[in-house]
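Chemist: Going by UniProt numbering, 34 is the number at position 34 of the sequence shown; the sequence numbering is gapless.
Bear in mind the hints are in silico, worked out from the structure with no lab data behind them.
Honestly, I wouldn't trust all of these hints.
In silico DSS-like links for lysine-lysine, alpha-carbon gap of 30 Å or less [stated by the list, open to error]: (1) Lys101 to Lys40; (2) Lys231 to Lys97; (3) Lys97 to Lys40; (4) Lys218 to Lys101; (5) Lys218 to Lys231.
Here are the in silico distance ranges between beta carbons for each label pair [claimed, not checked]: (6) Lys101 to Leu188: 21 to 29 Å; (7) Arg115 to Ala217: 25 to 33 Å; (8) Leu66 to Ser214: 41 to 49 Å; (9) Pro64 to Arg98: 37 to 45 Å; (10) Leu66 to Val267: 18 to 26 Å; (11) Gly184 to Lys218: 44 to 52 Å; (12) Leu36 to Thr112: 17 to 25 Å; (13) Arg159 to Ala266: 33 to 41 Å; (14) Val302 to Ala263: 31 to 39 Å; (15) Ser214 to Pro59: 45 to 53 Å; (16) Glu60 to Ala139: 17 to 25 Å; (17) Ala263 to Gln296: 40 to 48 Å; (18) Ile166 to Lys292: 41 to 49 Å.
Quick caveat: nothing in here was measured; it's all calculated off a predicted structure.
Built from N, CA and C at the ideal position, the CB exists for glycine as well.
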Amino acid sequence: MKQALSQPLPQAGGKPKDAPLTRATVPMPADWRDLLALTKPRVMSLVIFTGLCGLIAAPERIHPVLAFTAILCIAMGAGGAAALNQWWEADLDAGMKRTAKRPLPQGRLERTTARDFGMVLCAASVFLMGFAVGWLAAAILAVSIVYYAVIYTIWLKPRTPQNIVIGGGAGAFPPLIGWVAATGDITLMPVVLFAIIFFWTPPHFWALALFVKSDYAKVGIPMMPVVAGEKATRRQILAYAILLLPLSVVPWWIGGTGAVYGASAAVLSTLFLALSARVGLRESEGPEDRMKPEKQLFAYSVIYLFALFAALVVDRFVAI
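Model the full structure from these sequences, guided by the hints.
Modeler: Now the structure itself:
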């Protein structure tokens, strides 16, 4: 538990750099908080929330115990995938200011502990979902885990600046899983909810990448601002925000929701587009500590998704 990380820092594609990165041994034992940190609780809260909203918004009701079990499985699957992500990227995390204080870079956990913890959580979540709720929901949960832990973390992230675009599907699964847990089938409505998160992800994550791009450059991760530059990244943020505006009101347009959601989506997405335009139309490449519009967009993007899915639930109760 007191192991120091002194392995070579991998570049994009998995090759080590010439100079090894070292971390001092931390003289404190790991505890439950280190294991909890492996699950990325702040990210998991959004995953749980959108999954719960998908379950509540579904046209069929599910027993409260089964509903709790479904959301628990979504949380376990997301937490397990996050632990596997940190196990694989421990040396990269050690080289980035934003992630250097995580348990593995600080040496508070063995890497094998993180790997085993993640695998147990993932396996338990899928089998519990299958036996208690339904195997279709379990299969989608399994796909989401593999998508994030393998397709995004191992394959896409170190190889292409489009990593977050293609990998965005990993975070878009929870409302689809929640809906399927309640109904037992896949219809157009949960697919649209999936698509909303899929198109929300690039502006959300690239806004962050713009003001921490030096971190990604230092460890060789080909994020869009590092490879294509700030100007191209900003233009793509604006493009995705433009697409997101009409997409966000599709649930109302197809009759899956009422006016409460439709009006909320229109207002929230218009503000999202306005903030994205401030970022997308900037011409100068300023220092990272002066990127106020990018930081505002990133902060609002989190609020946006919470508010949009909250409106989905409120609309469902108003319609009852």
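Chemist: All hints, please: hold or fail.
Modeler: Hint check results:
no.: 1; hint: Lys101 to Lys40; in the structure: holds, 13 Å
no.: 2; hint: Lys231 to Lys97; in the structure: holds, 24 Å
no.: 3; hint: Lys97 to Lys40; in the structure: holds, 16 Å
no.: 4; hint: Lys218 to Lys101; in the structure: holds, 17 Å
no.: 5; hint: Lys218 to Lys231; in the structure: holds, 20 Å
no.: 6; hint: Lys101 to Leu188: 21 to 29 Å; in the structure: violated, 43 Å
no.: 7; hint: Arg115 to Ala217: 25 to 33 Å; in the structure: holds, 27 Å
no.: 8; hint: Leu66 to Ser214: 41 to 49 Å; in the structure: holds, 47 Å
no.: 9; hint: Pro64 to Arg98: 37 to 45 Å; in the structure: holds, 38 Å
no.: 10; hint: Leu66 to Val267: 18 to 26 Å; in the structure: violated, 34 Å
no.: 11; hint: Gly184 to Lys218: 44 to 52 Å; in the structure: holds, 47 Å
no.: 12; hint: Leu36 to Thr112: 17 to 25 Å; in the structure: holds, 18 Å
no.: 13; hint: Arg159 to Ala266: 33 to 41 Å; in the structure: holds, 37 Å
no.: 14; hint: Val302 to Ala263: 31 to 39 Å; in the structure: violated, 21 Å
no.: 15; hint: Ser214 to Pro59: 45 to 53 Å; in the structure: holds, 48 Å
no.: 16; hint: Glu60 to Ala139: 17 to 25 Å; in the structure: holds, 19 Å
no.: 17; hint: Ala263 to Gln296: 40 to 48 Å; in the structure: violated, 23 Å
no.: 18; hint: Ile166 to Lys292: 41 to 49 Å; in the structure: violated, 29 Å
Hint compliance for this structure: hints 6, 10, 14, 17, 18 are not met, and every other hint is.
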